[in-house]
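Residue numbers (the working numbering), protein chains in the order written: chain A, 9 to 108; chain B, 609 to 1019; chain C, 435 to 603.
These are computed hints drawn from the structure, not numbers from a lab.
The structure displayed is predicted, hence computed values, not measured ones.
Just so you know, not all the hints are guaranteed correct.
[Said to hold, decoys possible] Computed list of lysine-lysine pairs in DSSO-like fashion (alpha-carbon distance at most 30 Å, straight line):
#, chain 1, residue 1, chain 2, residue 2
1, C, K600, B, K993
2, A, K107, C, K600
3, B, K681, B, K649
4, C, K523, A, K107
5, B, K993, B, K763
[What the hints assert, rightly or not] If the Cβ cut is set under 7 Å, some of the chain A residues that face chain C in the computed set are:
#, residue
6, L16
7, M17
8, V75
9, V83
[Unchecked claim] Just the calculated beta-carbon pair ranges, DEER-fashion:
#, chain 1, residue 1, chain 2, residue 2, range
10, A, R95, B, N761, 20 to 30 Å
11, C, F579, B, A733, 34 to 44 Å
12, A, R95, B, P687, 27 to 37 Å
13, A, D65, B, H619, 35 to 45 Å
14, B, L1014, C, E582, 19 to 29 Å
15, B, F684, C, R460, 21 to 31 Å
16, B, L1014, C, D568, 13 to 23 Å
17, C, H567, B, I1005, 20 to 30 Å
Built from N, CA and C at the ideal position, the CB exists for glycine as well.
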Amino acid sequence: MVPISYYLMLSAVLFGLGVVAFVFKRNIITIFMSIELMLNAVNLAFVAFARAHNQLDGLVFVFFVIVVAAAEAAVGLAIIITIAHNRRTLNVEQVNLLKF
Amino acid sequence: MEFAQEFINQHAILVVSLIKIAVLLFIVMTALAYLTWFERKVIARIQSRWGPYYVGAHGLLQPLADGLKFLFKEDFTPPMVDRLLYILAPFLALSLALTAIALIPFGPPTGPYSHLFGQPIFIIANSSIGLLVLFAITSLGVYGVALAGWSSNSKYALMGGLRSSAQMISYEVSLTISVVGVLLLAGTLNFNGIIESQAGYYLHFIPRWHVIPQVVGFMCYLTAAVAETNRIPFDLPEAETELVSGFHTEYSSFKFAMFFMAEYANMITVSSLATILFFGGWLSPFPDTWTWQNYLPGVGLVLLGVYLAFDTVANMHGIARLQLAVVTMLCLVGGAACLIPPVAAAIQGPFWFTTKVLLFLFFYVWMRGTLPRFRYDQLMAFGWKLLLPVSLANLVITAFVIILPLLMGHQ
Amino acid sequence: MSLPLILFFVLAVMAVAGAVVLILAREPIHSALALVMVMVSLAILYLLLGAEFIAAVQIIVYAGAVMVLFVFVIMLLNAGTEDRTHISKIATWVGLPLGFFLLLEVAHIFWHGRMSAAMGSGAGAPFEPASTHDLSMALFQQYLFPFEATSILILIALLGALVLAKKDE
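In isolation and in its complexed conformation, chain A is listed as follows (with noise of 0.2 Å):
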């Protein structure tokens, strides 16, 4: 049997590098695969807890996650492909009109 504390730890590396890649990436699209990869492994966290307490909660709230993540997905990426047009770039950091 593998610990349930092996899944939280490897929830927990997948969340660190999640956030690694949202800070140090400059493409928007990396950046918002960035954002997918962490609720992947919040998701991974619920799972495991669900396991380890003999719930179905857990998976219920995966299931919400998951479906969440997709309708926001496809509003983030419309947007996206807005600023694509608009910008005529991918890179974040010229999207700064609004900056200081």
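Fit chains B and C to the known structure of chain A by using the hints.
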């Protein structure tokens, strides 16, 4: 010998699974090759010509010739392609298409002849969510097409890849929704469970297959399945007259052969799914009391052997005569073997399943020879504006009809 | 070294490798495929944890639809090679060791802390996969309101994406 016996007893699942995988892989690869022969023959007959005739008797060695051609052709990689994705795409397409066949049950899981070393032999992975896993595998199949189009560094390939993958994900929604009506009737996602819920007869002789209550669902499923597998009338993204060759324009020799095989394997998968969900899978259409149906495969093979014998003597000359004589011998021996009662009872499940799948494949090829193709905007409009609402309506009405007696009962 | 443990390590290595490729790749399409690999390995981990329905939903919805959407957008926008980011020297020489020590601390908390004692190592409880039937009962009875609210949310997202992606006439 004792070590082997001990090993088999302890690891029965592993040993039997490996045997099943090896046998099934061999059968499926041969079936893929001869499906191309079947398609060319049937389309040729629809178009009033012969089809492959010279390479082996009745063109039966044509797939072998095609395979050798694919192996020996020059494997040209265009410059400036994304190497990793270019090589990954056909492997992904073929491996996903073949993985889906591991979930399909060919025969009953219980019965006197369906176990080897204690493991069921007619299905490789008897998962309790088999249908969902199959849909998961077909969802991942979109990547093969999209990556092939992108990595080929060519306008035609990119357009073809984008259009083809957009078509696949659009029709996937209708595909999954049209199947939920069957799930409401069957109550389980397990394939053997769905088949077993179709046992029994209306009025003692009409089999209780799901196609009868779910006609609309079946039509939606068939249309969506044809669109999923990129076959005519939905094959604009890969038609030769339209986009050169769509997403597999820049592929040659073995990689092209892999896309080809992946398309036929997908056809086999959706046909198998149609028989399992709507036509009773490995169930026989005749009631179980008619025991003469056990001899149908044997009699059929013997009759085929007799016809081929006449053909050998009357029409074939030279080496074709020798080849057809060999095939005739195999048919007659196989037919005689199928007439032995234990063997006849054992192959009942696989025989009916294979017959139904072959009928579906014939229908696929028939459509290819007969129908013109849709324009791309017509195709997408049809998928979203007609097929999806009809599938949803089917689902709602099915659910309502199932829940109505319970509602009435409470009142 | 039981089979589930070996399988867990293989899948964990695959997931972390995918995440690292997501960070280090220069083409966005390679990052997208690395993320798909992460999602597929996570789906198999869900199977190991007994959540078979969630594993199937993860592949059908997340890896098979959301990531296909990402790949489409990358292809449509023709997102090419990214420039190399200028990561400062401090981030590499101080940040990475600090990150590693943070990880060690988190591992220590998970392994020896109170959480671990409360849930046990999972070896005692009998292992039965969460059936789809029970999950759907919970979803449609206890969590019916969030379910309906989520469907309205999807409708809003659909309309929003349609409006945003429309060309200005």
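Now for the hints, and whether the structure bears them out:
no. : hint                         : in the structure
1   : C:K600 - B:K993              : holds, 18 Å
2   : A:K107 - C:K600              : holds, 28 Å
3   : B:K681 - B:K649              : holds, 24 Å
4   : C:K523 - A:K107              : holds, 25 Å
5   : B:K993 - B:K763              : holds, 29 Å
6   : L16                          : holds, 5 Å
7   : M17                          : holds, 6 Å
8   : V75                          : holds, 5 Å
9   : V83                          : holds, 5 Å
10  : A:R95 - B:N761: 20 to 30 Å   : holds, 26 Å
11  : C:F579 - B:A733: 34 to 44 Å  : holds, 37 Å
12  : A:R95 - B:P687: 27 to 37 Å   : holds, 32 Å
13  : A:D65 - B:H619: 35 to 45 Å   : holds, 38 Å
14  : B:L1014 - C:E582: 19 to 29 Å : holds, 21 Å
15  : B:F684 - C:R460: 21 to 31 Å  : holds, 26 Å
16  : B:L1014 - C:D568: 13 to 23 Å : holds, 20 Å
17  : C:H567 - B:I1005: 20 to 30 Å : holds, 23 Å
Checked against the numbered hints above, the structure breaks none of them.
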